[in-house]
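A.B. asks: One letter stands for each residue in the lines below.
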Amino acid sequence: DAKTTQPNSMESNEEEPVHLPCNHSTISGTDYIHWYRQLPSQGPEYVIHGLTSNVNNRMASLAIAEDRKSSTLILHRATLRDAAVYYCILRGDSGAGSYQLTFGKGTKLSVIP
Amino acid sequence: NAGVTQTPKFRILKIGQSMTLQCAQDMNHNYMYWYRQDPGMGLKLIYYSVGAGITDKGEVPNGYNVSRSTTEDFPLRLELAAPSQTSVYFCAALRGRSVTEAFFGQGTRLTVV
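Going line by line, the protein sequences match chains A and B.
In case it helps, the numbering used here puts the first sequence at residues 1 to 113.
In case it helps, the numbering used here puts the second sequence at residues 1 to 113.
Chain A on its own, in the form it takes in the complex (with noise of 0.2 Å):
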């Protein structure tokens, strides 16, 4: 599988914007980038993926590094309501990968009022 490294925490001002960073360096030509939040006391959710091009959600923005050996997830304007754990994860598009779901062990975003 391939993996992702994160920064294990991170802090964030209410109402700024916050760069959340993930290295997949082993990444292949097929694996999307997914990104997962988990709010304390809750399942995970779905933040946004991407392939190659950046993408924009009402949640979130993805940017993609032209050699997409790392990515990063952008909260434009952070509110106390985004403070979670915030995983990175690869999905392959065909075969076993397609339907691995495998987390690390994710960054915690804190954000201060």
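One or more hints might be untrue.
What the hints assert, rightly or not - The calculated lysine-lysine pairs, modelled on BS3-like cross-linking and capped at a C-alpha distance of 27 Å, are:
id, chain 1, residue 1, chain 2, residue 2
1, A, Lys105, B, Lys9
2, A, Lys108, B, Lys9
3, A, Lys69, A, Lys3
4, B, Lys57, A, Lys105
5, B, Lys44, B, Lys14
6, B, Lys44, A, Lys69
7, A, Lys105, A, Lys69
8, A, Lys108, B, Lys44
9, A, Lys3, A, Lys105
10, B, Lys14, B, Lys57
11, B, Lys44, B, Lys57
12, B, Lys44, A, Lys105
13, B, Lys9, B, Lys57
14, A, Lys3, B, Lys14
15, A, Lys69, A, Lys108
16, B, Lys9, B, Lys44
17, A, Lys3, B, Lys44
18, A, Lys3, A, Lys108
Stated by the list, open to error - Computed list of chain B residues with no C-beta within reach of chain A, every gap over 12 Å:
id, residue
19, Met19
20, Asp26
21, Ala82
Because the hints were derived from the structure by calculation, they are not lab data.
Being a predicted model, the structure only gives us computed values, none of them experimental.
Using N, Cα and C, we set each Cβ at its ideal position, and we do this for glycine too.
Given the coordinates of chain A, assemble chain B onto it according to the supplied hints.
C.D. replies: This is chain B only, laid out in the frame that chain A set:
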């Protein structure tokens, strides 16, 4: 639309007792997963299923059993509960091989005393 439903939400077991954690999904998703999450740690995959009648071991299957007789249900069985199985258990469902998001239940908090 209920999504993924786990029951019970909380349970206390005595060492050596058995129980079944229930997981049901109403989205007709092919893939289902069981994870455990110890305090302050990430999610570890216990078992997964790619369809009715097909199950496979994940990272930490010892002490657990699963079955998948229908698409909707994926129960997790603990035969002889041990204190090391004290954890929060999450069930997840995923549609299929296309790149789609996983949906998680709210978790079952299990304490073995």
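A.B. asks: Just pull the numbers of the violated hints for me, sorted ascending.
C.D. replies: 14
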